[in-house]
Structures are given as C-alpha cells and as structure tokens.
Amino acid sequence: MTRRFLFLLCAAALAATAASAQSVEARLKQIRDTYAARLDLMNNKPYDDPGVEQMTVSFKRNMPGTGLFDYTSTFYWTDDEDEQYMLRPTLYFATCRYSRNMGM
1 MTRRFLFLLC AAALAATAAS AQSVEARLKQ IRDTYAARLD LMNNKPYDDP
51 GVEQMTVSFK RNMPGTGLFD YTSTFYWTDD EDEQYMLRPT LYFATCRYSR
101 NMGM
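With the working numbering applied, the sequence shown covers 1 to 104.
Where hints are given, some of them may not hold.
As the list claims (entries may be wrong) - Straight-line distance between alpha carbons at most 20 Å, and here's what the computed SDA-like set of lysine to any residue pairs gives:
#: 1; residue 1: Lys60; residue 2: Tyr92
#: 2; residue 1: Lys60; residue 2: Ala37
#: 3; residue 1: Lys29; residue 2: Ala13
#: 4; residue 1: Lys60; residue 2: Leu39
#: 5; residue 1: Lys29; residue 2: Gly65
#: 6; residue 1: Lys29; residue 2: Leu39
#: 7; residue 1: Lys60; residue 2: Lys29
#: 8; residue 1: Lys60; residue 2: Met102
#: 9; residue 1: Lys60; residue 2: Leu41
#: 10; residue 1: Lys29; residue 2: Asp70
#: 11; residue 1: Lys29; residue 2: Ala11
#: 12; residue 1: Lys60; residue 2: Asp33
#: 13; residue 1: Lys29; residue 2: Tyr92
#: 14; residue 1: Lys60; residue 2: Asn43
#: 15; residue 1: Lys60; residue 2: Arg100
In case anyone wonders, no lab produced these hints; they're calculated from the structure. Nothing here was measured: the structure is a model prediction, and the numbers come from that model.
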C-alpha cells in the first residue's frame, strides 16, 4: 500500500514538473516575442527626429572594491498626441549598459 502511494506521489510530482516546464517555455516565448516586437518598433522610427521621445541617463562612479563603474540607461516612449494624456507617455523599450573595471 505504501509503495503504491509513493509511486502515485512520484508520478504526480513528475507530471507537475513537466507541466511547469511547459508553462515556463511558453512564458519565455511570450517575453521573447514581445521584446522582438518592441525592438522592431524602436528600429522603425522616423529618421528626421533623432533623439525625440528618448532619454539617456548616464553616470560614472568609483565603487569601493570594484573600481570605476560606468552605467548608461536609455528609455524610449511613444506619445499619441492626445492632449488629455499628454503627460502620460507609454514606455516601449529600455536599454541598460554598464561596465566595471577591477583592479585599476
């Protein structure tokens, strides 16, 4: 009786693990598709407005134990020209780059 119970418990655990792996893969696919769509939106912006609807934040700091830390974030947003919601832009892409120099 105990062997059957342990077998059923192991089978249920295995089924739950397989189901969660499939849901993780589905979620990762959704994230990758969304990322690709946003990257495409960023690349297809008009060339006559460089830097419009874009903000870059950059700073450098000498961090204890790691040395120089260089950090740059860029945010891209859209504005639908609606006067009522003019101050509520929609963020559609953000990038972050950083570097650390050890032992300088």
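Consistency of the hints with the structure:
Taking the CA atoms of Lys60 and Tyr92, the gap is about 26 Å. The hint is violated against a cut of 20 Å. Annotation: proposed proximity of Lys60 to Ala37 is violated, straight-line Cα distance about 31 Å (limit 20 Å). For the hint linking Lys29 to Ala13, the alpha-carbon distance of about 24 Å lies beyond 20 Å, and the restraint is violated. Our distance criterion of 20 Å between C-alpha atoms is broken by Lys60 and Leu39, whose separation comes to about 27 Å.
In summary, the hint linking Lys29 to Gly65 is not supported, as the alpha carbons are separated by about 38 Å, beyond the 20 Å threshold. Proposed proximity of Lys29 and Leu39 is supported: the alpha carbons are some 15 Å apart, at most 20 Å. With a C-alpha separation of about 35 Å, the suggested pair Lys60 and Lys29 falls outside the 20 Å cut-off, and the hint is violated. Between Lys60 and Met102 the alpha-carbon distance is near 14 Å, which keeps this suggested pair within the 20 Å criterion.
A C-alpha spacing of about 30 Å is found between Lys60 and Leu41, which places the hinted pair above 20 Å, so the restraint is violated. Distance check on the hinted pair: Lys29 and Asp70 sit about 31 Å apart at the alpha-carbon level, beyond 20 Å; violated. Distance restraint check for Lys29 and Ala11: the Cα-Cα separation of roughly 27 Å exceeds the 20 Å cut-off, and the hinted pair is therefore not satisfied. The straight-line distance between the Cα atoms of Lys60 and Asp33 is roughly 33 Å, outside the 20 Å bound, and the hint therefore fails.
Restraint check for Lys29 and Tyr92: the C-alpha separation of about 18 Å stays at or below 20 Å, so the hint holds. For a cut-off of 20 Å, the pair hint linking Lys60 to Asn43 is broken: about 28 Å separates their Cα positions. Restraint check for Lys60 and Arg100: satisfied, since their Cα atoms lie roughly 10 Å apart, inside the 20 Å limit.
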